[in-house]
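> Chain by chain, the residues:
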Amino acid sequence: MSEEGFEFSVGPVHPALKEPVRVKCKVEGEKVKDADFELSQVHRGIEWAGTKRNPVQILYLSERICGICNICHTLAFSRAVENIAGIETPKRAEYIRTLTAELERIHSHILWAGVAANELGFDSVMQYTWKTREKILDVIEHMTGNRITKAMITIGGARRDVTKEREEKIREGIEYYRKAYDKLENILLQDKTIKARTKEIGVLTEKEALETCAVGPTARASGVGKDVRKTEEYGAYQDLEIEPITPDMYHGEVNGDVYDRIACRVLEIKQSLDIIEDCLNMMPSGDIKYEENIPKLLSEVQGAEGEGIGRHEAPRGEVIHHVKLVGEETPESWRVRAPTYNNLLSWIPMLKSEQIADIPIIAASIDPCMSCANRAVVKDGTALEKKRLRELSRKKTKELKEELGDV
Amino acid sequence: MYETVLTIALVPILAALSIVLGLFYEGIVRNLKAKMQSRLGPPVVQPFRDVRKLLKKEDVVPKNSVAWLFKAAPALALITTLTILLFLPVGGFDPLLSGSGDLVVVIYLLIFPSLALTLGGFSSSSTYSTVGGQREMVKMMSYELPLAVIAVSVAWLISGVEGSVAAFSFEAMSENVVWSLTGPLGSLGLFILFIVALTVLPGKSASLPFDASKAKTELAEGVKSEYSGRSYALLYITDCVKMLVFATIIVGIFIPYGISGFLGLSSIAATVADFAFYLIKLFLVIFLGSVFARAAFSRLRITQIVKFYWVYSTGLSLLGLGLIVLGGYI
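Heads up: the protein sequence lines correspond to chains A and B, in order. Under my numbering, the first residue of the first sequence carries the number 3, and numbering increases by one thereafter. Under my numbering, the first residue of the second sequence carries the number 1219, and numbering increases by one thereafter.
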């Protein structure tokens, strides 16, 4: 340990992180002087595997990109494929999709609150929030047949209908969370020790949020009113009034600190409850699938050619799937951009000049999901060095420009 | 001569007893904390199982460490912790080394386990341990002051009793229960000091909310992060015994009552009753100081810990001292 400080790294294996990433900090005493991170500790080759399968099979793969928010990936992928093939989804299916996506948001946010509490060493809150989360898992299980991996979405529709019995169960769940919400809000936003550990910690200003391209609650907590549900107007969201949640709705000001990110997510739980209720009330009748027969659907999709983009506001922010179909059985390319990929960069301004003790909660405050974000692998640190990567990208841009005739 | 032999023979018995009791209380603490978090929790004997397993495991010494210091530190920590017990009234008995040391000695000795832990952490050459060691030192410096104020207040009260010479000794404290020496104002002061002592307990045994030095999600157990196997088992036992030791000090100062006189028992029955009562008192102190705090608060930053001890705890303890002095003159 010298006067200039030392390097303090959290990860790739560390109790604070549930997934492998390495946060490297230059530390002086307890103060973080500079921060950086290293990705690519996991690479599962899901996109590569996808290009060896047909779109309906990819649905199942895409569901396994993320354990927590799996609806968002299938939804974005389906929307990309529907975009190419020009498939019109029935209105009722859109409502069911929206409803499931919002159920997932509640589940994801409550799960995150527990993880954040654990980072603060507040295990009682973690246990309480996770106990509260059980109810939403029950509702999801009743509706989709599974607790986590829901398998609700198919190309051009939803796979299960909301029957009367299921609707009752969902309404019961909403009632439960309306009651539990006050206590949850009180614990997460009013507790003195949580306030002491999160207020004015890990500040991300609005300018920095825009510069680092943050998305989702991370951006909204800094006052950037980004929400795909409002800007894209898809699914049932176009019929509903969606206001991006910013922390000033809770306490009248935007600080962009960890506390604001908690506030943002807590308020979004309430917003999701409203959306689910609206979906149930406004649910139109009709089919839930564009095409029942899967071989028929496949032949239609496989005949299509072109590129498509599917966007969705996942619990962590905007997720984008890009698919290129070339009239063959398998897509030529499939690219996933998970929200964590955008949000990771905001770690650097957040971590600067904070204490070592705040690294875990700041890292957790963007709700990182590493296995979603990782799309490249570094072999022995040599195969894809920064320089080499830059060369490759420039080469590709040049090729693309030539191909497009724009030189 | 006979007495010296008896004392020496009793030392290992006391050590064994305190280790068993410490692990037993840790089991209760873990189980109760789980219950408070609506978890099932481990059985009370879980710490014993943990230690048994750890003792069988390989002891890994990091390559860049100062090996002898790294290995010696856990033993040093445990031995010094057990040494403190020789000066404490355990289970209604007088201290084993009564007459040779008092509260001041105990407060000095309390520094050694932390010091040994820090040395072990520094010698392991891990960044986590180094930061943990620094935090341990800072924390130690911050809770010593309120502790010293408590000792002085109690001694000041006892020194007012006629004929008493050793104001800091635990025998004097058990003979003259501090609450009986002062009026309502002084009692209020004493109660405040009791609360302050309870706030120091989690700091001493490095449990939440003052566990910044080992902070699982920040430093991966801090000073202990490089330890494994037997050494880790020793450190684990040390933490449990430390909790027991500090709770015994609080019991010795503030609730030195026996129950045998109240129940009218004598000889063996009295000893057993007093010992059982001592266990209950210990449980009470540990529950208030450790279980409740572990379940009700989140971990504080080291700067917040220092502020807590230097501003709030010290301020409160000085207020307590002031009230006692005021009560003495009224």
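Keep in mind the hints are simulated off the structure, nothing from the lab. No residue lacks a Cβ here, since even glycine has one placed at the ideal position from N, Cα and C. Do not take every clue at face value.
Claimed, not checked - Selected chain B positions facing chain A (in silico; Cβ < 7 Å):
1) Leu1426
2) Ala1513
3) Arg1517
4) Arg1519
To be verified - In silico BS3-like cross-links for lysine-lysine, where the CA-CA straight-line distance does not exceed 27 Å:
5) A:Lys28 with B:Lys1281
6) A:Lys194 with B:Lys1434
7) B:Lys1253 with A:Lys181
8) B:Lys1525 with A:Lys20
9) B:Lys1271 with A:Lys201
> Could you run down the list of hints and mark each one as holding or not?
Against the structure, the hints:
Hint status for Leu1426 (chain B) relative to chain A: holds, with the closest Cβ pair at about 6 Å, below 7 Å. Here the hint on Ala1513 (chain B) is kept, as its CB sits about 5 Å from the closest CB of chain A, short of 7 Å. At about 3 Å, the closest approach between the beta carbon of Arg1517 (chain B) and any beta carbon in chain A falls short of 7 Å, and the interface hint on this residue holds. Given the 7 Å rule on beta carbons, the hint for Arg1519 (chain B) holds: about 4 Å separates it from the nearest Cβ of chain A.
Among the hinted pairs, Lys28 (chain A) with Lys1281 (chain B) is consistent with the structure: their alpha-carbon atoms are about 23 Å apart, no more than 27 Å. For the proposed pair Lys194 (chain A) and Lys1434 (chain B), the alpha carbon gap of about 21 Å is at most 27 Å, so the pair holds. For the suggested pair Lys1253 (chain B) and Lys181 (chain A), the alpha carbons sit about 23 Å apart, so the restraint of at most 27 Å is met. Taken as a hint, the Lys1525 (chain B) and Lys20 (chain A) pair is broken in the structure, with Cα atoms around 31 Å apart against an allowance of 27 Å.
A hinted pair counts as satisfied when its Cα atoms are at most 27 Å apart, and Lys1271 (chain B) with Lys201 (chain A) does not qualify at roughly 42 Å.
When held up to the earlier numbered hints, the structure conflicts with 8, 9 and fits the remainder.
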